[in-house]
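**Q** Below are the chains, spelled out letter by letter.
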Amino acid sequence: MNDGVRILTLARRVFLDRVKSTRMMIMLPILVLFLPGMAWGFSDPDIILPGGHQPDEPMEVLFYASLGVVFGATMCAVLLAFDGVSRDRASGVFELRLAQPMPRTHQAIALVLGMWQAIFIPVAILIFISIAIIRWRLGEWASVGDALMHLLATSLILLWYVVFTLLASSRTKDQGTAIAFGVGMWFLFTFLWALVTTMVAYASGVTIGEQNDMQWIALEGALDLLSPNGVYHHLLETRLIDIDRGVAAWQTWSMALAWTVLPTWWFIRKMDELQP
Amino acid sequence: MLELKGVTFRHLIHAPTRMKPWRKQPGPGVLGVSLMLQPGEILGLVGPNGAGKTTLLRMIAGVLPIEKGSIDLEKNGTLESLDASSLRTIVGHMPEQVRWQGRQTVEDALFELAQMRGTSLKRVKDLLRLVGLSERTDTPLSSLSQGMRQRLTLAAALLGTPKYLLLDEPLNGLDPVAAAAFIRLLKQLTTKGVSIVISSHQVEGLQAITDRIALMHRGQVLACGTLEAIAQNLELTSTIEARGTGEAPDFSWCNPSETSEENGQWTAILHDSQTNLLAEVLSRGIDLTAWIPKPPGIVEMLCAATGMDVEEVGLDIATAAMLPHRRLGGEEE
Chain A
1 MNDGVRILTL ARRVFLDRVK STRMMIMLPI LVLFLPGMAW GFSDPDIILP GGHQPDEPME
61 VLFYASLGVV FGATMCAVLL AFDGVSRDRA SGVFELRLAQ PMPRTHQAIA LVLGMWQAIF
121 IPVAILIFIS IAIIRWRLGE WASVGDALMH LLATSLILLW YVVFTLLASS RTKDQGTAIA
181 FGVGMWFLFT FLWALVTTMV AYASGVTIGE QNDMQWIALE GALDLLSPNG VYHHLLETRL
241 IDIDRGVAAW QTWSMALAWT VLPTWWFIRK MDELQP
Chain B
1 MLELKGVTFR HLIHAPTRMK PWRKQPGPGV LGVSLMLQPG EILGLVGPNG AGKTTLLRMI
61 AGVLPIEKGS IDLEKNGTLE SLDASSLRTI VGHMPEQVRW QGRQTVEDAL FELAQMRGTS
121 LKRVKDLLRL VGLSERTDTP LSSLSQGMRQ RLTLAAALLG TPKYLLLDEP LNGLDPVAAA
181 AFIRLLKQLT TKGVSIVISS HQVEGLQAIT DRIALMHRGQ VLACGTLEAI AQNLELTSTI
241 EARGTGEAPD FSWCNPSETS EENGQWTAIL HDSQTNLLAE VLSRGIDLTA WIPKPPGIVE
301 MLCAATGMDV EEVGLDIATA AMLPHRRLGG EEE
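Chain order of the listed sequences is A and B.
First residue of the first sequence? That's 1 in this note's numbering, and the numbers climb one at a time after it.
First residue of the second sequence? That's 1 in this note's numbering, and the numbers climb one at a time after it.
Any given hint could turn out to be false.
[Unchecked claim] Some chain B residues judged to face chain A by a derived CB distance under 8 Å, without partners named: (1) R18; (2) P21; (3) L82; (4) S85; (5) Q97; (6) V98; (7) W100; (8) Q101; (9) L113; (10) M116; (11) H201; (12) R243.
Please keep in mind that the hints were generated in silico from the structure rather than gathered at the bench.
None of these values were measured; they are calculated from a predicted model.
Quick reminder that beta carbons are idealized off the backbone N, C-alpha and C, glycines included.
Required output: the full structure, derived from the provided sequences and hints.
**A** Following this line, the structure appears as structure tokens:
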């Protein structure tokens, strides 16, 4: 068995363990409510959003329905992965794993892949259902490009949250601290980031919350690059023609790359020097 | 043969200062330990809590890094230094008290580790049979008793057909019958050339099964060898338990001894510092019903090696100055 196959085998085990877990069964209805539920709601032909806007294109609906990913799926990713390292570490099984010849780097990659699959595969299935719902409600399929971008961006944001949570799990020996870190980080990027943006805007002398103020839009767009949720929305916005927040596509992709590589590298490095 | 040459690892402990609340500094660990593991022998690692036994085992298992020193393997008459990765392929490690939990079955849990090693399912089944868990292959981990968990951990340690087997407190949680079977299994393994290191604080149980022991205290090996050799080096004499009936005879002519009487029987503990002590006792007309020589125990050896009494060693209440604690490459603290 070569190294790649071994990593995939271990990742599959992690995936099956997590996807069949009780907590996944509990979170699944929440995901159904947040993903196809939002797609259903935003594709209502009679819906009028604040500002009198009415979404009438599949990608636009998918963009609004991505709130379900930001609020629901990322939280599920945190709840699924928070004990990814700490549980086995506390039970002593982790020491047995570390004593195997499989390099720690490979073990870390398998853990990330398995955890990520466990949340992304159910979410991807629900996204396909959402696309079908939108087709049924609006009478129009989302283009392949739009659907792929939505899946890619969703896979990335879930990967980021899984890696952050595993990182927290590897840095703590008790599961309470790991979950507190994960939920705290989710809370920061999901709810408090707007506050951070407002504070920076205030300190910079930018008029706060003025929708047509280009300075405000540019500042918000730039600061969103520092948040995984913000980068996620920037990625989705690359498929929306009407939106321009002063951030070039290359900037968005660079930050997506940074959010992918840096925490993963940090986690692998942490696993390399982790003690039982 | 595996040879440890001055291996050192110190745990980092938090030592916050006002300016650096995250500061860490080297703390306890294993300091310059040198040992040799011969094929087919059982070495007992003995020491009080915090002596560094588990840390040393983790270093040999390739789980903790070796900061200083080396672990060498003899191959065709030459010594080859091993890195952590190489160690993990030839060493089987049984950590202390693994709390297997979850809905995963016994066989699946072991097969997961086997896949990390590239071991087959057939080997997993064989090992489960070897450790007496063949009837429990489909049992969820959460349903296992402590003894069964220990057996499963042993099976995990044996996965790669290791040449060196490290067992950390292996008898914990095993009932006497299981412990006896376990020891028998270890003896069988040694006949196949497997070297075994057993760490335990249950010192009395170890004496019967180990070929040599290494006395550890505060990260250092104080003495290593057969019990007799260590006792001789530490100038410890054997004791003899003498028994008889009636009134206890006068043993004041003998070395310091303890005598007790109960139900018309007396028992005396004599220190065997004289040659022909038995002849001397008999020549004094003392009637004996039993004469039981007792070699020095590991606790006595530990006390003699450290110069502390049993409370000081066991509860670690003596000052650190009594033994050298060295900084890495530095002076004594």
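**Q** Decide, hint by hint, whether the structure agrees.
**A** Structure-based check of each hint:
no.: 1; hint: R18; in the structure: 24 Å, violated
no.: 2; hint: P21; in the structure: 16 Å, violated
no.: 3; hint: L82; in the structure: 12 Å, violated
no.: 4; hint: S85; in the structure: 7 Å, holds
no.: 5; hint: Q97; in the structure: 6 Å, holds
no.: 6; hint: V98; in the structure: 4 Å, holds
no.: 7; hint: W100; in the structure: 7 Å, holds
no.: 8; hint: Q101; in the structure: 6 Å, holds
no.: 9; hint: L113; in the structure: 6 Å, holds
no.: 10; hint: M116; in the structure: 4 Å, holds
no.: 11; hint: H201; in the structure: 17 Å, violated
no.: 12; hint: R243; in the structure: 46 Å, violated
Hints 1, 2, 3, 11 and 12 from the earlier list are contradicted by this structure; the remaining hints agree with it.
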